[in-house]
Amino acid sequence: MTESQIKSQIVNAVKEVHSKKPLAPSITNTVTIDFVANAQIAVGGSAAMVYLPDEGDFIAEAGSAVYINAGTMLPVYEQTLPRTAKRLFELKKNWVLDPVAIGIGSLRTKLLAGFKDYPPSIVRGNASEVIALAKLWEVDGSVSSNGPKGVDSVDSVKDAENAAKALAKYIYEKRGGAGGAVAVSGVEDLVTDGETVVYSKGGSHFMEKITGSGCSLGGVCAVYAGVTSPFIAALTATQIYNLAGKRAEARVNAPASFQTAFLDELYLASAEDAADNPFEVK
Amino acid sequence: MTESQIKSQIVNAVKEVHSKKPLAPSITNTVTIDFVANAQIAVGGSAAMVYLPDEGDFIAEAGSAVYINAGTMLPVYEQTLPRTAKRLFELKKNWVLDPVAIGIGSLRTKLLAGFKDYPPSIVRGNASEVIALAKLWEVDGSVSSNGPKGVDSVDSVKDAENAAKALAKYIYEKRGGAGGAVAVSGVEDLVTDGETVVYSKGGSHFMEKITGSGCSLGGVCAVYAGVTSPFIAALTATQIYNLAGKRAEARVNAPASFQTAFLDELYLASAEDAADNPFEVK
Amino acid sequence: MTESQIKSQIVNAVKEVHSKKPLAPSITNTVTIDFVANAQIAVGGSAAMVYLPDEGDFIAEAGSAVYINAGTMLPVYEQTLPRTAKRLFELKKNWVLDPVAIGIGSLRTKLLAGFKDYPPSIVRGNASEVIALAKLWEVDGSVSSNGPKGVDSVDSVKDAENAAKALAKYIYEKRGGAGGAVAVSGVEDLVTDGETVVYSKGGSHFMEKITGSGCSLGGVCAVYAGVTSPFIAALTATQIYNLAGKRAEARVNAPASFQTAFLDELYLASAEDAADNPFEVK
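Chains as they are written, first to last, in our numbering: chain D, 947 to 1228; chain S, 947 to 1228; chain C, 947 to 1228.
Simulated from the structure, these hints should not be mistaken for laboratory data.
All figures in this text were calculated on a predicted structure; none of them were measured in a lab.
Honestly, I wouldn't trust all of these hints.
Pairs involving identical chains hold if they fit within one copy or between any two copies, as the list cannot separate such chains.
Stated by the list, open to error - Cut-off 20 Å, straight-line C-alpha distance, at most; resulting in silico cross-link-like pairs (EDC-like, lysine to aspartate or glutamate):
hint: 1; residue 1: Lys-1032; residue 2: Glu-962
hint: 2; residue 1: Lys-1038; residue 2: Glu-1084
hint: 3; residue 1: Lys-967; residue 2: Asp-1098
hint: 4; residue 1: Lys-966; residue 2: Glu-1134
hint: 5; residue 1: Lys-1062; residue 2: Asp-1098
hint: 6; residue 1: Lys-1038; residue 2: Glu-949
hint: 7; residue 1: Lys-1039; residue 2: Glu-1007
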């Protein structure tokens, strides 16, 4: 795809979300759950959060796309997460995985490992998380990492490029060529479908000074994945985040004000604004 | 009741809450739980949130009134919710039910159906939720609905008027004439005790652009239900929400700023402000 | 310690957190969980929240210090909390306990009582909570209290001074002389290591008009406990809270704006600002 083709598809994605208000339900952590919902609504989507196994079936069927975030594990997730992921896979429906805190605890590891058999269409994480997931799924034996530090990355986005491409290729093949994408958040954000690699620019250093900027980006990826391909969805979400982050930072001097301004800018951003945010196709 | 009698009772309710700081504990969803607490505190009440069965007993006994919101189901709710509702019913204590996401999942349906035997004094929901609850309780066979879409309404408030009245009448009879009310949120908000129907005006289109405006309204209904009748409690909460929403909207251009301004205006609103917000008695 | 020695240690604590970004994971209530995380990040720490038993082991080992807040109980806490506290005790690692809602429900009482055998290095609570914990642990038979009202205190900070000192002494002895501290929040805030008693001044009346000001203070105590002694950690957290509260109040007229401004001021406060906030050594 050329840069101008990409821009055109971003414009379409933002506009379709504004007109269709796609429902993008989540199974997500309890820390940033309201931020996820508010970000999804701010860009024009609709949110609903569930925990129980048969509610997972429901959202797989009713959602335009679904978001699963592994940030906080509850015992019932042992049933809910595999069942929901399987159902989404069978329905060939787009879903987004954020493997937050990968490596912490046996249940999270088991569930994240299990997703290899019915993978998401989009993986969204920081560099260390994406590398760790590629290792867990054994899709790229050559990646090296310092491992996540709790929920924070200790690797750079560039370090995760090979892991991200390998994951996206694995997803593409496993899902029968229906497309797949990986988004890696950092100073510049990488989005790849396994072939094309795009670096999206902007954002703000305040993104790391609030909890949930990554989690909510995953939720917004799911909103766009309800109306477009995994690659364009992940890129559109990343672009609108970088735009809103840059604009919000220009208006504030501290993180809580930033969070408010950031959500406001997500709401105020036009389709063209999102498309015109600087990015580079490698 | 005349309009001026209603206004006088709203003024009293707001003032009593300011002076008594009633404790209105909740069992509520994890998405908007902090918004519920902050809204309850902003109007002058006190908040406490629990999950476990014997904590349900505690809040039934210690609370001035209680709030149960079905937005996110946890496994332990199978024990907690019926036990708490029964205890509240036995104690003849006011409690508010928000049947969020009615229709999603077997546990939620079972628990909401079970509340028919020991009903809340106030039901608060959007039009589709109120219609769905009336159907589930079979209190009005004639209502038709397009069903909720996830957590969003696809019916108008006017569509829910008969269901709301039927529910309120059922509550009134089942609770031995202790009063009952139903509040339906929408462009204009309906509050009824089964006979009188009031439409409260104001609010803001931003209410739908943040998560939890409905949930937190339910929590605020419970605060007022700790000091006055179900009907006046539901109407006072609705009036102060519409006032604060209108005032907040005038100060902002986007939803996150709106949420902050809205909570601020809940805190700043006087008893007379709440009473004088425009409403119409049908 | 003299006032100037205390100030110097506060300056060091704030600076060390800024440079080391200590990970201070939490097991905390679902109401204010994002506020806890955002406050921890605002002062320069790193946050991670968990629920499951083996995740408790992980955070005990990986965290610089840990925060346990009893505000909302989940069934799995019956396994997670004792196991995590024991592991922390064995590792001689600092951890902070906030006994929110002590007295509500049998599980909370059982777990809080059990912590007597492997106590936290810091207890943070309001006056009624601190008195109730001293009673539950039978460390001071002479304290009298009106008991907490839900999650609110009905005792003054001064009323809790003896209980706080007795608790701190018990901790000091039980933890083998590794230090211990108790922080009591109120109009003026008390911090004691069992011998020295300091009253820290400032803050804002809006602290009681938002949910989570106490919970998040506990989380920030844990951040500082990752780099300094329990006493200095509790005092540094209290000082920066009082400073930020006072500064935030000067900028706003209502509680939601206050919360944003308060988190901003936590972020903006320098080490010297925190040390120079008025306090009195008794």
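The hints, checked one at a time:
1. Lys-1032 with Glu-962: neither (27 Å within a copy, 47 Å between copies)
2. Lys-1038 with Glu-1084: Classified as neither: same-chain Cα gap 23 Å, cross-chain 37 Å, threshold 20 Å.
3. Lys-967 with Asp-1098: between (32 Å within a copy, 11 Å between copies)
4. Lys-966 with Glu-1134: Answer is neither: 30 Å inside a copy and 24 Å across each miss the 20 Å cutoff.
5. Lys-1062 with Asp-1098: neither (23 Å within a copy, 33 Å between copies)
6. Lys-1038 with Glu-949: Classified as neither: same-chain Cα gap 28 Å, cross-chain 56 Å, threshold 20 Å.
7. Lys-1039 with Glu-1007: within (9 Å within a copy, 39 Å between copies)
Hints 1, 2, 4, 5 and 6 from the earlier list are contradicted by this structure; the remaining hints agree with it.
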